[in-house]
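J.: Sequences and hints are given; from them, build the entire structure.
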Amino acid sequence: MARGVRPAAGTRRVASAVSSWYKALAMAVSIHFENVSKRFGETRAVDAVSLRIEPGELFFLLGPSGCGKTTLLRCLAGFYTPDEGAIRIGERDVTRLAPHVRDTGMVFQSYALWPHLTVQQNVAFGLEMRKLGREEIDRRVGQALELVRMADRARHKPNQLSGGQQQRVALARALVIRPQCLLLDEPLSNLDAKLRLEMRGEIRRICKESGLTALYVTHDQKEALSIADRLAVMESGQLRQLGTPREVYLRPASRFVATFIGETNCLEGRVTGRAAGRMQIQTSVGQLESAASPLPSLPDGAPVVVSIRPEVIQFSAPPAGSLNVLHGLVHDSMYLGEVAQHQIQLAVPHDPVAVHWIAIDLNPRIMARDRVEPARIWVAPEDVVVLSP
Amino acid sequence: MMRRSTAWIIFLVCTTVLGVLFIWPLSRVLGGGFFENGHFTLRYLVGVFENPIYAEGLRNSVLLGLGTTGLAVLIGLPLAWIASRYDFPGKSLLAGLLLVPMILPPFVGAIGFQQILGQYGVLNAALGLGPVDWLGDGRYVGVVVLQALSLYPILYLNASAALANVDPAMEEAAANLGASGFRTFRRITLPLIMPGLFAGGTIIFIWSFTELGTPLIMNYGRCAPVQVYDALKEIGTDPFPYALVFVMLVCSVGLYAGSKLIFGRQAYAMQSKAAVVSAARRVTGMRALPVMLPFLVVIAIALLPHIAVVFTSLAQPGSWYRSVLPQAFTTANYAEALGHAMTVGSIRNSLLFSSCAVLVNLVLGIAIAFVVVRSTLRFRGVLDALAMIPLAVPGLVMAFGYLALSSLFSNTPWVKANPAWLYVLDVRVNPTLFLVIAYAVRRLPYMVRAAVAGLQQTSVTLEESAANLGASPLTVVRRITLPLITANLIAGTLLAFAFSMLEVSDSLMLAQRMDYYPITKTIYELFQLIGTGKYVASALGVWAMAFLAVTILGSSLLLGKKLGALFRV
Numbered sequence: 001m002a003r004g005v006r007p008a009a010g011t012r013r014v015a016s017a018v019s020s021w022y023k024a025l026a027m028a029v030s031i032h033f034e035n036v037s038k039r040f041g042e043t044r045a046v047d048a049v050s051l052r053i054e055p056g057e058l059f060f061l062l063g064p065s066g067c068g069k070t071t072l073l074r075c076l077a078g079f080y081t082p083d084e085g086a087i088r089i090g091e092r093d094v095t096r097l098a099p100h101v102r103d104t105g106m107v108f109q110s111y112a113l114w115p116h117l118t119v120q121q122n123v124a125f126g127l128e129m130r131k132l133g134r135e136e137i138d139r140r141v142g143q144a145l146e147l148v149r150m151a152d153r154a155r156h157k158p159n160q161l162s163g164g165q166q167q168r169v170a171l172a173r174a175l176v177i178r179p180q181c182l183l184l185d186e187p188l189s190n191l192d193a194k195l196r197l198e199m200r201g202e203i204r205r206i207c208k209e210s211g212l213t214a215l216y217v218t219h220d221q222k223e224a225l226s227i228a229d230r231l232a233v234m235e236s237g238q239l240r241q242l243g244t245p246r247e248v249y250l251r252p253a254s255r256f257v258a259t260f261i262g263e264t265n266c267l268e269g270r271v272t273g274r275a276a277g278r279m280q281i282q283t284s285v286g287q288l289e290s291a292a293s294p295l296p297s298l299p300d301g302a303p304v305v306v307s308i309r310p311e312v313i314q315f316s317a318p319p320a321g322s323l324n325v326l327h328g329l330v331h332d333s334m335y336l337g338e339v340a341q342h343q344i345q346l347a348v349p350h351d352p353v354a355v356h357w358i359a360i361d362l363n364p365r366i367m368a369r370d371r372v373e374p375a376r377i378w379v380a381p382e383d384v385v386v387l388s389p
Numbered sequence: 001m002m003r004r005s006t007a008w009i010i011f012l013v014c015t016t017v018l019g020v021l022f023i024w025p026l027s028r029v030l031g032g033g034f035f036e037n038g039h040f041t042l043r044y045l046v047g048v049f050e051n052p053i054y055a056e057g058l059r060n061s062v063l064l065g066l067g068t069t070g071l072a073v074l075i076g077l078p079l080a081w082i083a084s085r086y087d088f089p090g091k092s093l094l095a096g097l098l099l100v101p102m103i104l105p106p107f108v109g110a111i112g113f114q115q116i117l118g119q120y121g122v123l124n125a126a127l128g129l130g131p132v133d134w135l136g137d138g139r140y141v142g143v144v145v146l147q148a149l150s151l152y153p154i155l156y157l158n159a160s161a162a163l164a165n166v167d168p169a170m171e172e173a174a175a176n177l178g179a180s181g182f183r184t185f186r187r188i189t190l191p192l193i194m195p196g197l198f199a200g201g202t203i204i205f206i207w208s209f210t211e212l213g214t215p216l217i218m219n220y221g222r223c224a225p226v227q228v229y230d231a232l233k234e235i236g237t238d239p240f241p242y243a244l245v246f247v248m249l250v251c252s253v254g255l256y257a258g259s260k261l262i263f264g265r266q267a268y269a270m271q272s273k274a275a276v277v278s279a280a281r282r283v284t285g286m287r288a289l290p291v292m293l294p295f296l297v298v299i300a301i302a303l304l305p306h307i308a309v310v311f312t313s314l315a316q317p318g319s320w321y322r323s324v325l326p327q328a329f330t331t332a333n334y335a336e337a338l339g340h341a342m343t344v345g346s347i348r349n350s351l352l353f354s355s356c357a358v359l360v361n362l363v364l365g366i367a368i369a370f371v372v373v374r375s376t377l378r379f380r381g382v383l384d385a386l387a388m389i390p391l392a393v394p395g396l397v398m399a400f401g402y403l404a405l406s407s408l409f410s411n412t413p414w415v416k417a418n419p420a421w422l423y424v425l426d427v428r429v430n431p432t433l434f435l436v437i438a439y440a441v442r443r444l445p446y447m448v449r450a451a452v453a454g455l456q457q458t459s460v461t462l463e464e465s466a467a468n469l470g471a472s473p474l475t476v477v478r479r480i481t482l483p484l485i486t487a488n489l490i491a492g493t494l495l496a497f498a499f500s501m502l503e504v505s506d507s508l509m510l511a512q513r514m515d516y517y518p519i520t521k522t523i524y525e526l527f528q529l530i531g532t533g534k535y536v537a538s539a540l541g542v543w544a545m546a547f548l549a550v551t552i553l554g555s556s557l558l559l560g561k562k563l564g565a566l567f568r569v
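Here the protein sequences line up with chains A and B, keeping their order. Taking our numbering, the leading residue of the first sequence gets 1, the next gets one more, and so forth. Taking our numbering, the leading residue of the second sequence gets 1, the next gets one more, and so forth.
Calculated from the structure, these hints are not laboratory results. Virtual Cβ for every residue (Gly too), placed ideally from N, Cα, C. Just so you know, not all the hints are guaranteed correct.
[Unchecked claim] Here are some of the chain B residues that sit facing chain A, going by a computed Cβ distance under 7 Å:
id, residue
1, Val166
2, Ala169
3, Met170
4, Glu172
5, Asn176
6, Leu177
7, Gly178
8, Ala179
9, Ser180
10, Pro191
11, Ala466
12, Gly470
[Stated by the list, open to error] Cross-link-like lysine to any residue pairs, in silico, SDA-like; alpha carbons within 20 Å at most:
id, chain 1, residue 1, chain 2, residue 2
13, A, Lys131, A, Asp152
14, B, Lys260, A, His116
15, A, Lys131, B, Arg183
16, A, Lys131, B, Arg186
17, A, Lys131, A, Gly142
18, A, Lys222, A, Gly273
19, A, Lys208, A, Ser226
20, A, Lys157, B, Leu12
21, A, Lys131, B, Arg187
22, A, Lys157, B, Ser375
23, A, Lys157, B, Trp421
24, A, Lys157, B, Ile262
T.: Written as structure tokens, this is what we have:
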């Protein structure tokens, strides 16, 4: 990568370029999936998915590989035809339309830049298909390359560009046709970590400034959490949870979502009581109180799973009257600079099975290296999330 | 990895061998047209272009090459495209049948072709027409069609391989941006597969540009290869054929080098593996019919000459005349073919020559492949190129070079003093040595490609672990490497053997005594006999066809889809 995305001044220049460029554009459109299913042989790649993406929204489909997220995106682009259900872009039913008349702009995982054409020719292709005049094409290609800061590479062939540059050309090629919606299929997965960080900010800015409705597919939760307006977590072809990044991270709806998005410590237990919006759960490490139960109607004795994120575990002195105070031994610590990651073995009063938790300690005070450190930890009831097992 | 000293020794030995067996005869051809009494002259080269007969011959040959290549593209490319896009019942069978025309040298097919399209042939009989000559006045169209019908599989294989290498996302991106199917093909797919198409097209052009057998049998005399063949009797005295051969060589190597230069550098390596495995769409039932139809039509037409050869071989001599089918059938032709002194000897000769050539190939091919794949010598690319150039050198040119060498040897005072050596060195006495060399050198590229492919697929760590356990380098090769690449070696051997059995140019030019005729020359000589000749020649042709069908089928089973890799430049 020769030239990264650098100063704020450049960013502002880009932002204004986008907004002026899209000014003439009609209103952003919504995207509807209605009960969409797609089978490959016996496998249900997408299973009765219904979803509405709001106009101008940057929406993420997130899930492990094979969960059906790319299949759903390709149904929207028209490369697959759903076996059941309907897909609408705005008011237009596109379920059975050929890909080349759908007017979606897609950024492929492999970028799919044509190696026999220059950057300029790659970006101009879609406009040529729309039979625009030469001057108009040149003008808009110039703007689009300016937008992704690749104007000085217009005459290069794709194989002369670095991964990040190719990625930006692919983005320009998809945006230049002023599509109804932008589709991104793991667009950053072929970039190195630092570049990925820069590009995801860039992508969000371009999407927001252009006002485009965008569907972004990834398995990288950091990407989704950092720039999505809303996201959907998929598993086995079905939507597991839908919400803003904060909602999904803080209030996961299932054990799968909790463990897939971020790290978490899970522990089985039973409901023992309820008072003032709080729930008591008996676990092997003792009684825990939760103020974060998405399952308010559970009867006493019902089996549940408790999810506690590593970063909510506190090593400071607990406030007076705290309930969720636990004792244990820090077995190992990994020093990561701004944080330390501790392996804690909790004291288990009546159970032979040991419980190990991971805790993230900001500005760490204790370090267990080659020796065991005793620790007293506590968790706020707001951070104890109760899930169905 | 090989030890450096070992690599150098093998490199030097192989380069020397190729230098003597390939470059030396080639340089005799190059020199022959330029030296007169020891002085350099361009008189003959200029003369080739000034002599209206030679100029016409060259022009016609170029047209033959262009026409054949163009027609082969028209046949092979759409079929390859359909095969890459659709899955349909019986696809692998049809795709296999598509390759069958390769098993018969086009010049044998020419016999059947004339039987169908000749003035008194099947077509006129079936249509109830008079003696219309469908082959046309100049016979140009006939030669082109016949050659294209037997060479299109090379293009089909190349195009299929190239299409399989195109990342489906390339085409999806075009569709996503609004390109219809046809425009996507023209603007994206076609440019991307151009290197593959050009590779196949180059081989077909060189092949048909220098093909001797088909024009001879079709009686198309006004092309350069036939003119060179006819000038054979002037060998050693007249420099004009040398100059003519030089021009053909320059055309072929120029085209080969040009295609390497244009496409070699920018072979569009796809930047990443495709996210979606296959774009092939499955069609069944009635909807598969329009997809299958082109295959059926091409196979039927391409096999017609072969079927006609089979019928000719079974026809009572003289009984297939102005009729759709022969009036009377007989197996006497086979009896006569196998009883004829010339044929029995020729089968034995061909087997002997081809076996010896394949042995030479096997040793050279393995050695070269080892240096190319398993050493780090800076010049190993030179050896690789040297072994591949025979693809671009017409058989006719090589034959001429060997003739020149032979006449050089047999005229040295030493050989004159020891006339026993004439049995080895003079093709007019015994062509075995030079025929074996010619077969071996011309088929070497197939063997090298097969061995290189095998070595590249075999991880070095397998050899390293054997060495780590105490095996010496030779033991590693014998016990580990060679067993692992056996399938490739067998496939390469079969192909080299089959093509040696089929060889036309060298066989016609170098075998000058009946005792040493190989099959192809015998078929040609039989064909020229008045009366039963055509029928006995067909019987021998059917025998060769069956034999080659078995060998090619065997190699394609062993190599699977990688068969196409052997035909790439």
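J.: Failing hints, ascending?
T.: 1, 11, 12, 13, 18, 20, 22 and 23
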